[in-house]
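In case you want the letters, here they are:
There are 2 protein chains.
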Amino acid sequence: MTEPLRVALAGLGTVGAGVIRLIDANADLIARRAGRPIEIVAVSARDRSKDRGVDITRFDWIDDMTQLAHHPDAEVVVELIGGSDGPALALARATLAAGKGLVTANKAMIAHHGLELAEMAEKTDTPMKFEAAVAGGVPVIKGLREGAAANVIDRVYGILNGTCNFILSKMEAEGRDFDDVLAEAQAMGYAEADPGFDIDGVDAAHKLSILASLAFGTQPAFGDVAVGGIRDVVAADIAEAAALGYRVRLLGIADLNGEGLFQRVHPHLVPFANPLAHVTGATNAVVAEGNFVGRLLFQGAGAGDGPTASAVVADLIDIARTEFGPPYAMPSASLAAEPAAPTGDRRSRAYLRFTVPDKVGVLAEIAAAMRDAGVSIESLIQRGAMADGSVLLVIVTHEGPERCVAQALEKLRGSQSLSGEPMWMHILGE
Amino acid sequence: MTEPLRVALAGLGTVGAGVIRLIDANADLIARRAGRPIEIVAVSARDRSKDRGVDITRFDWIDDMTQLAHHPDAEVVVELIGGSDGPALALARATLAAGKGLVTANKAMIAHHGLELAEMAEKTDTPMKFEAAVAGGVPVIKGLREGAAANVIDRVYGILNGTCNFILSKMEAEGRDFDDVLAEAQAMGYAEADPGFDIDGVDAAHKLSILASLAFGTQPAFGDVAVGGIRDVVAADIAEAAALGYRVRLLGIADLNGEGLFQRVHPHLVPFANPLAHVTGATNAVVAEGNFVGRLLFQGAGAGDGPTASAVVADLIDIARTEFGPPYAMPSASLAAEPAAPTGDRRSRAYLRFTVPDKVGVLAEIAAAMRDAGVSIESLIQRGAMADGSVLLVIVTHEGPERCVAQALEKLRGSQSLSGEPMWMHILGE
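Those protein sequence lines, which keep their order, are chains A and B. Quick note on numbering: the first sequence equals residues 1 to 430 in UniProt numbering. Quick note on numbering: the second sequence equals residues 1 to 430 in UniProt numbering.
The set of hints was computed from the structure by calculation and includes no laboratory data. Just so we're clear, the structure is a prediction, and the values are computed from it rather than from any experiment. We put the beta carbon where it would ideally sit given N, CA and C, even for glycine. Where hints are given, some of them may not hold.
Over 10 Å on every C-beta distance to chain B, these chain A residues come out as not near it, computed from the model [unchecked claim]: (1) T2; (2) R33; (3) A42; (4) R46; (5) D47; (6) T124; (7) M188; (8) G245; (9) N257; (10) D318; (11) A368; (12) L380; (13) G400; (14) W424.
With the C-beta cut set under 7 Å, the calculated list includes, among others, these residues of chain A facing chain B [stated by the list, open to error]: (15) D28; (16) P37; (17) K142; (18) G147; (19) A301; (20) R321; (21) T355.
Just need the whole structure built from these sequences, with the hints factored in.
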């Protein structure tokens, strides 16, 4: 057997401990598959004494995380600290500057600084891999970078945040409202105490920007993702969508069209015929549509110590096999800089839900606003008085430019005919 | 730009023409992703003059396919001739003997001769890749070989034959019987004039044996796959399964247990909660269950010129990047030889359908046979007289050893209480 691949590990939270457990449990198989053993030689974390359920006394302990980059035995540093900047970024830079390989699960850091880090890695032909940064254990970065590499990708989209999908599918199964289910998800550990990154779509946007870059050969552009979350989805939206043949899912969607790079995270209505409609619980799933392969689906656990560790160690195995290339599948200098595509001309069908007072003239005002903005109504459902006396009005539009829907909603802003903010969800097209 | 990867192509059927079209259409993108262009230099097929919708006059035409292995400009030969032996195998051997890379979509050849070919390839560290041999465009070989490489795989299973899934999901959607739908599938080009390889499960068995080897690190053992097809599935089976919460799918399933390697292709009842229950049409889908990653799903088009060409060219891109390793993910000398696992002790739930004459004592005889063999009945449905006066009796058993079900059916063989062969399908467990 040849020399082991020696690894330094920064960050010993659940994922870090999972990586240690995985390498212990599957050591023989990994050595057979990788052609050589993978061996952790040094670790670093904030608290040395914390019980993590794994024995770390056999590894070098390094107090200053950044110093892992200079550990004499380590060829590769695994960064599991988290956070887009701070110690994680300092370590990533130091590692690549030292000409050592970098493996990270840090979606925020890659979304913000991936291009800079890739340029550093390419200069010295050093591996930099981040499979665990998107969709946890699901090998979707490999799927785009390699499996679908022969294709022009027309569109990439998916369920990228397990917390949101857990909440939406629980709302759907039990007919409960958002706040109620969020509280339960927090109690069960499926949602953070401060859940904003997840439920407001930021985490999914991090991942989407990474996928888009790989799919289209464009520079990562996290700042251009239009981001929306699921706080405003109510149980009635899910029930109405189901009656119309749809499930509500928080999707990240990207395509590269003549006007630029379109990237959006937003709750969508997904038709039952699309495989994403059947993805429930904390699962992640990504669809890539290629000009020769058609529709590919990758699905699995999007978070958790086991799945994330699986992706981290898959990256290490690639490195042990010297099967790695430029981080974004092509030299970063050849990634195209694309402007954010404007959405006004984008044609789609819209789901609109209005909460309105139960009085004369409301429907007329809303219908007039639609007509004046050129929005064509496909179906309309009005549900009798809710508990608070208000009425629910749901409109599904024919396909048309998004600008028109935006104009109609603008016209209705502040109207006495609305007793709350309208909800606008896009309907996923074929 | 560095030197192109130069390729010789044998076989110019729909897939061969698709590979030419793909390389033409996506040339620039492929060169960016692969780091160098991919260029076809020579082709060979049976008929030079046939119109294939692509211009082949720009390539060297070689009459004798085997001679492609010795083309002075080609580094890699793509074999798309088909057939487990004959010219395909002769070309594959000649190619590897000449130290040139081999890419093939030939599942039959890999199932029968993959190990021998892999040994040849490894001797000279030459690439040998066959992504297109399993599940068409879906990168599931890469998924197992690399994406899930950190995991002990507990079980791999999937919908591996698009023709069967097309027929079963059409029977399901339209309530029609097998012969009727098969005839339509043949007229539409979804099934061959001689459909045996597909509908009797042989094609799925080829693919399953390849997946099992990659998943478990075992020697490919196509001869040990227990093979059954879908000829005996009737519309009533699909309706009864649906009433019980299942869909009928032809699955290939493999696991490695204490007694050896289990490999079986057979129609199964798949619970609605499993993602495979929602795979309709000619789609393929593979589930791999790993000890850290959990359940991974790969899904997409399992056949057709575009998807298959996508997988062939993905292999070429890997070779252009020099990102390849041993064909079975580990040196073939380290693949374990495992006996076929006996199935008698295997515990599962069974779906049994009997067609019986409408007369006194039939139920008693069947129930007695079940009791005597130790089969515990979970539910039983008897449907009144069918068109021919016979009665349908459906039994779902509790989980128990398969041996007991086999004994009960053996005891009933030739009984006057049965008016046709009983149907036994396995129920996919969690």
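How the hints compare with the structure:
{"no.": "1", "hint": "T2", "in the structure": "holds, 12 Å"}
{"no.": "2", "hint": "R33", "in the structure": "violated, 5 Å"}
{"no.": "3", "hint": "A42", "in the structure": "holds, 20 Å"}
{"no.": "4", "hint": "R46", "in the structure": "holds, 25 Å"}
{"no.": "5", "hint": "D47", "in the structure": "holds, 25 Å"}
{"no.": "6", "hint": "T124", "in the structure": "holds, 17 Å"}
{"no.": "7", "hint": "M188", "in the structure": "holds, 17 Å"}
{"no.": "8", "hint": "G245", "in the structure": "holds, 14 Å"}
{"no.": "9", "hint": "N257", "in the structure": "holds, 16 Å"}
{"no.": "10", "hint": "D318", "in the structure": "violated, 6 Å"}
{"no.": "11", "hint": "A368", "in the structure": "holds, 42 Å"}
{"no.": "12", "hint": "L380", "in the structure": "holds, 30 Å"}
{"no.": "13", "hint": "G400", "in the structure": "holds, 30 Å"}
{"no.": "14", "hint": "W424", "in the structure": "holds, 28 Å"}
{"no.": "15", "hint": "D28", "in the structure": "violated, 10 Å"}
{"no.": "16", "hint": "P37", "in the structure": "violated, 13 Å"}
{"no.": "17", "hint": "K142", "in the structure": "holds, 5 Å"}
{"no.": "18", "hint": "G147", "in the structure": "holds, 3 Å"}
{"no.": "19", "hint": "A301", "in the structure": "holds, 5 Å"}
{"no.": "20", "hint": "R321", "in the structure": "holds, 5 Å"}
{"no.": "21", "hint": "T355", "in the structure": "violated, 33 Å"}
In summary, the numbered hints that this structure violates are 2, 10, 15, 16 and 21.
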